[in-house]
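> Start from the sequences, fold in the hints, and give me the full structure.
Okay, here's what each chain looks like letter by letter:
Number of protein chains: 2
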Amino acid sequence: MEQALAVGIAQYRMRGNVAENVEVAKALISEACSLGAEIVCLPELFAYYYFPQKREIPRSKLQEFARYFTSIVEELREVCISHEVSLVAGSLVENHENSYYNTSVLIDENGNVVGKYRKTHIPSDECYHEDSCFDAGSHDFRPFMLRGVEVGVLICFDQWFPEPVRAYALNGAKLVFYPTAIGWVSGIAQTEGNWKEAWEVIQRGHAIANSVPIVTVNRIGVEDRITFWGSSFIVDQFGSVIARMGIEEEGVVVRRVDLRLGEKIREGWGFFRGRRPELYSRVTT
Amino acid sequence: MEQALAVGIAQYRMRGNVAENVEVAKALISEACSLGAEIVCLPELFAYYYFPQKREIPRSKLQEFARYFTSIVEELREVCISHEVSLVAGSLVENHENSYYNTSVLIDENGNVVGKYRKTHIPSDECYHEDSCFDAGSHDFRPFMLRGVEVGVLICFDQWFPEPVRAYALNGAKLVFYPTAIGWVSGIAQTEGNWKEAWEVIQRGHAIANSVPIVTVNRIGVEDRITFWGSSFIVDQFGSVIARMGIEEEGVVVRRVDLRLGEKIREGWGFFRGRRPELYSRVTT
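Chains A and B, in that order, are what the protein sequence lines are. Going letter by letter, the first sequence gives residues -13 to 271 in this note's numbering. Going letter by letter, the second sequence gives residues -13 to 271 in this note's numbering.
Do not take every clue at face value.
Same chains, same names: a pair is fine if it fits in one copy or spans any two.
Unchecked claim - The list that follows gives simulated cross-link-like pairs (lysine to any residue, SDA-like), each with its CA atoms no further than 20 Å apart:
(1) Lys182 to Ser226
(2) Lys182 to Ile228
(3) Lys250 to Ser172
(4) Lys182 to Lys250
(5) Lys182 to Val227
(6) Lys12 to Glu235
(7) Lys250 to Ser110
(8) Lys182 to Leu247
(9) Lys250 to Ile174
(10) Lys250 to Glu178
(11) Lys250 to Asn180
(12) Lys182 to Glu264
(13) Lys102 to Asn84
Hints listed in this document are in silico derivations from the structure and should not be mistaken for laboratory results.
In structure tokens:
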């Protein structure tokens, strides 16, 4: 297994059309590679405005978005080959058997699609009406192999649930990615506390509990009622933030992530060996 | 259900003998009550030095500690009655059918023992050799009723695992307590990162994921190789620290905890209704 991996995160503002967004994504992947990235992660739904902000998305619109799926993946495969880089391709609208999924595609440095992850936890909330357009994927949280490393991929709302990241880690993931689209919603007071802080804290918690580094990549910019808060970050296996982008920063950050720390922590602290799975049945019922 | 509860935390340095420690505990409970506490939490193993620091604890020593169990509980029941306060009695050494447990006793404001929680996750680590003296309890993580509120109780090392607190919350806990004994160990470099920060962050993460306030009560002082770091805290249902004691502070803090916030967050964000338990089987195997 690799001892360390240079991870690139690409954070940007979405433009008006798909082609333009894909061009920006490709340019940022290229920039990350020039900084030494071996694996790059894009934001959730990186080719479009965050359309689930509207409750009613016409089926025709989803069809249109899904038609780009194959050609975008093809373009990204070429980028991976030419830069010899692996990619967690944020997410795209995927049509499969008359359902639409919020799907992340994993591409290795030879341009092979090594797997797909269809978002399993679908938000249903003001300005995040994904339940009105996406079906929920089913997944066994078995990691994908990229650069010889077991990689887990989850998407945005998944990050508020301890179970999917736990399952990936128990299945051997050494690194977990969360392409994301989250921000402040105008007209909603944050009476429950600081959303952005809670969002980072809960993911740092996942990193600690599971001794895995976590890479979360968000977009920036204002789209209708949402001000996306950027702040993409990488945390190490003990929850220390080792990279964090700005709220309005467009660009890439590349950070070398030590993959050996997880084993050391997990062993030293007994975070896996100390588990009592026979007592956890409530979690699955 | 109560809308809010005045929660008292009692943090102190352990003295040389059991009787003295129990006196300090009682005095602090009394102090917390004078500040309006309706429920008070003591630290883990609040009547003794943290003896599991040594690998070999003679069975006779455990027997001796366990003999105090009944009389200490009796004393605390009287305190609860006289102050009309509920108590999460940190933990004590309990002997049951030739096994020794690290056991928290829950006493209501009428002096009734409403339940016991035997620590389920037992650390086995340098200076935390609890596996050499304690058996692991089994528990279904069903909350206890104190002051009309469903209360979850876990102990120290349990706090590094997402499952027990998750199970309590799914079973209806509105508030979770963690009596604790944790500190820095001299002679061990913190090469994995900041232990104390990770300890707080992971528990704030539990609070957010489960929309429950968390109350963690640690000891202070230097005992052989361990410098206990105090820093007992209360976090609300969105992970905001609403009370935090000092590293060397002896005394009590009483904080009114709003119990309604959890429902609002859980509903608003869909943290429970959005779960996919049918996909989580890896967590219990």
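> Output the numbers, in ascending order, of every earlier hint that fails for this structure.
Hint 12 contradicted; others consistent.
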